[in-house]
Each structure stands twice: as structure tokens, then as C-alpha cells.
Amino acid sequence: MAFIELKNVYKVYNNGVSALADVNLEIEKNEFVFIIGESGSGKSTLIKLLYREEKPNKGTVFVGGINVSKLRNGNVYKLRRKVGVVFQDFKLLPKLTVYENIAYPLESYGMDSKEIREKVLDAVKRVGLKNKLRSYPNQLSGGEQQRVCIARAIVNKPKLIICDEPTGDLDPKMSREIMDVLEKINEEMGSTIIMATHDREIVDRMKKRVVTIHGGVVVSDKEKGSYIEHEDN
Amino acid sequence: MKIIRIFGRSFKDAFRSFFRNFSLSLASISCSAITLIIVAIAILFSFNVNNITANIEDVLTIVVFVNRDATDEQTTSLGNQIYSMDNVDTEKSKFNTKDEIKESLSNDESIKSVLDTLDENPLQSTYVIKVKDVSKISETAEEIKGFENVTSVKYGESLVNKLISMFDVIRNACYVAVILLIVVTAFLIANTIKITIFSRRQEINIMRLVGTSNTVIKMPFLIEGLLLGIVGAILPVLLTIFGYTFFYDYVGGSLFTQLVILVEPATIVYKTSIVLVLVGGIVGMFGSLNAVRKYLKI
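Sequence order for the protein chains is W and E.
For the first sequence, counting from 1, position 18 maps to 18 in our numbering; every step adds exactly one.
To convert, count from 1 in the second sequence and add 1000; that's our numbering.
What the hints contain is simulated information worked out from the structure, not anything from laboratory work.
Be aware that a few hints might be false.
[Said to hold, decoys possible] Straight-line Cα separation of at most 25 Å, BS3-like style, residue types lysine-lysine; simulated pairs:
#, chain 1, residue 1, chain 2, residue 2
1, E, K1194, W, K95
2, W, K91, E, K1194
3, E, K1218, W, K91
4, E, K1002, W, K119
5, W, K55, E, K1218
6, E, K1102, E, K1130
7, W, K70, W, K159
8, W, K95, E, K1218
9, W, K82, E, K1130
10, W, K78, E, K1218
11, W, K119, W, K95
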């Protein structure tokens, strides 16, 4: 079985909007995959199924051997501890410092302070955030906040990192820096990275696997693809 | 070890959020404080109504006048008959012979002079009866009227009946008021905490997203709710202890007449305070828990 496996997945929202229809997808360990498509194409829904923010109406979703589609509410945390998520809007806790934000997941797992400190400092080093540990999120630039978000996502060394338009709110220069960080993590930590985006420049430059979604259906899946090629399809 | 660590961090988080969201904490605390003060007043009031009712009931007696011609044996047998009744409190009831009554009346010179002109003691011996259940005082009196050698029975019929039904109404109204107030307090505190937590739903959502288990998410909120409730109870407790004591001393322990005697502060203020802290703490905790639970369903 592949590391991530979606079989005949359908998702219809309560308001009747059909977000995904018969999606089949396999992703192996250590891959870096872009999920692209226009707004409302269903890429965000697809991403959310992977960390069980949404449940499929039909079909199965497996992530690292866990049947996510059948995961009970009370057990969702078990999945999320193995998956790091990077959000477009960072989702940092505004009243915690950078250090506290990154340490938060580990603290809530009951890890001891010394181990937490080592892991946080390692994560901070990987994303290149220096001298900002005592700052609060609102004292940081967008790019810095996104680095904090990535540091929080990788702090527990997850096998899978899911990025939901992480560069959506950043300017091109910051976006490039963030992508470099993610690529480095993919190479050095061996984590699988799945990233939803509609940033052409990034997709074209990175030459990674590209899965295109249109109207809730996977319309193409290419190794080392680019955004332009998919538009031509 | 892990559990202790999580628990310790929950405590730390609860205190941290208590101070970092201070304006909202203050709103919850003031709401708890105000409602708990009303609860405290209601509790103190009902304690006192109870006490006053008990005092007045204590004063209520049935006076049984014994036939002047009855022999000692007949009088004693009447006494036995009365004392064997279920509703009669034998320990508090007593018998006064006509000579004893004459003697006690003779303290008043004018009455003494009148009584002295008569050869025979014109007074009647009496049984002064206390009843166990005041609401049945009429039935008991009526029954005694039917006994032999009883000339008349006095218990202030109409007044007593009115008083008794009034006390019952006041007492029950007080109980209902206290319970209603506690329920209202629960709603108010729970709602304020809900608002506090509503403003933090994103925080809860983030906790879920980074893999915090529901139990661990709930714990700091539970402790914070408890803390808010207990801190909210501080002012009402102080007011209860010092305010009531001050009021008691100020009015000299009784209101209007000696009949309306207030309960001594020491016997009720601590009980009331414990109730206030418990109500505040428990309501805060469950209000908080209930509010968080809403955001844990996805």
C-alpha cells in the first residue's frame, strides 16, 4: 500500500456543493507533490481530507496506514500528531511567543521540557528563524510567521507535511524563501510534502510532481510537471 | 509522569490565559460576583425567615382551662389524656395550678387586692400545651375541647391560622427563590464563560489541528472555569461574612420587635460562604466544559 492512498473518494458538502468526485490518488514516501487548481476546484477539500478536517462521503482515505475516513472524532489527534500542517493564514496562537507556539504541540503531548527544547531549537534552525523566539506573532512579518508555522509543523518530525497554500499571503521573494525551506525539509528529513497552491511561478520553478484538480476531478497527474502544461490540457 | 506533566501544564495554561485574557476574565468574575451576591442575600434571608418562623411558632401555645370543680385525680387524668396525644410536646408543655397562677398574678398589687377580697380562688388551673406540628394546632385544640373537665381552650384561633399559612408561604417562597437564583446564576456564569471561550474558538481549533487530544484541550478551560467561579465568589463571601455581621451588630440582633430575632452571624455566614464558593466553582467548571465541548465536534 502506498503511503497515502485515496480510493473512489467523493465529497459533497451539506449545502449540496460537490467538492470531489471519484478521486483516486497514491503518493509514496518522501515525495513532494503539488496539488493545483483554481479556487473552488476542490484542492483544499482534498488536502483537508488528509488531516481529517473533512470526512469523505464515500470512498477511503489512508494516511500512513491509518484509515482516516473511519477515524473517530476522539481519535483524530492520533493522526494529527503524525502529520504537520502549514496553513495559508499561519494559525499561530496570538498570545503565545514564537517559542511557545512551536513548543505547544509537544507540550500538549506531555513531552518533557528538555526534549521539547531540543526539538524546538532544531526546528527553528531548519526554518532559519533566529533571535525571534521571544517575539509574539503580531511582531513578525508574514514570511517570519509562516516560518514559525512550518517550524511548528515539523517540530515532531512528522512523516507527512501538508501545506495549504502556504505562500498565498506572501510576496514572491518571501514565497521563494519558504519554498526553499520546504524543499530542504523534504530532502533532509525525508518527509513527504503535499502542497496545495495556485502559484504558477513556484510550481514551474520546482519541477516536482503536479496533480491538477478541476471541478472536483483529478484531470492530470504528471511527474516533474509545470503549471503551464496543465493549463494546456 | 506524563499525566502529571500535562496536568501541571494545564494549570500553568489556565493561569496564563486567566491573566492574558484579563478583560474577559474580569467580565466573567464580575458576573459571577454580582449574581452570587444576590444568591447570598437570598440564602441569608431564608435562614432568617426560617429562624423567625421557628421563634414565633415556639411562642404559640394552647391553653386548656380545667373545670374548677374537678378533683386532683380528674385533673391528673385529663393531663395524662392530653399528654398522650401525638401532636403534644410533653417536654415543653406544663401544668399550672390555680394557686400558682394566683401567686404569679399577685405580683401586681391591684390584682392582688381584688383577689384578696374573695374567699375562694376564682381562677382555674391550666395546661399550657406546646404542639409539635403547628399547622395541626387547630385539630389538637378541638380534640382537647371534647375532653371531660375542660371548660375552655384558647389558642388565638384566627390569628394563629393566618400566621401559620403565611409562614408556610414565606418559607416556601424563600426556598424557591434560592433555587431559582442558583439556576439563574448558573446560566449567567455559564454564558459569560461561553463568550470568553467563543472568542477563543480559533485557539481551540488550532489546538485540535496540531494534535492535542480533546481531554488535554478541555483541562485548562476546566481549571480556568473553576478559577473564574471561585475568584468570582470572593467578594460575595467577604460581603456575607463582614456585611452580615455588620448588619447584625447594627440592628442589635433583632428587627422591629424582640419577636423578629436574627440568626447569629457565626452560625450561618460560613455555611453560606461554602455554598457560594461551591456554586461558583462548580458552575464555572461545567459552564466552561460545556462551552468548550461545542467547539470540539468536527
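Consistency of the hints with the structure:
no.: 1; hint: E:K1194 x W:K95; verdict: holds, 19 Å
no.: 2; hint: W:K91 x E:K1194; verdict: holds, 22 Å
no.: 3; hint: E:K1218 x W:K91; verdict: holds, 19 Å
no.: 4; hint: E:K1002 x W:K119; verdict: holds, 18 Å
no.: 5; hint: W:K55 x E:K1218; verdict: holds, 23 Å
no.: 6; hint: E:K1102 x E:K1130; verdict: holds, 22 Å
no.: 7; hint: W:K70 x W:K159; verdict: holds, 20 Å
no.: 8; hint: W:K95 x E:K1218; verdict: holds, 18 Å
no.: 9; hint: W:K82 x E:K1130; verdict: violated, 78 Å
no.: 10; hint: W:K78 x E:K1218; verdict: holds, 17 Å
no.: 11; hint: W:K119 x W:K95; verdict: holds, 21 Å
Violation of the numbered hints given earlier is confined to hint 9; every other hint is satisfied by the structure.
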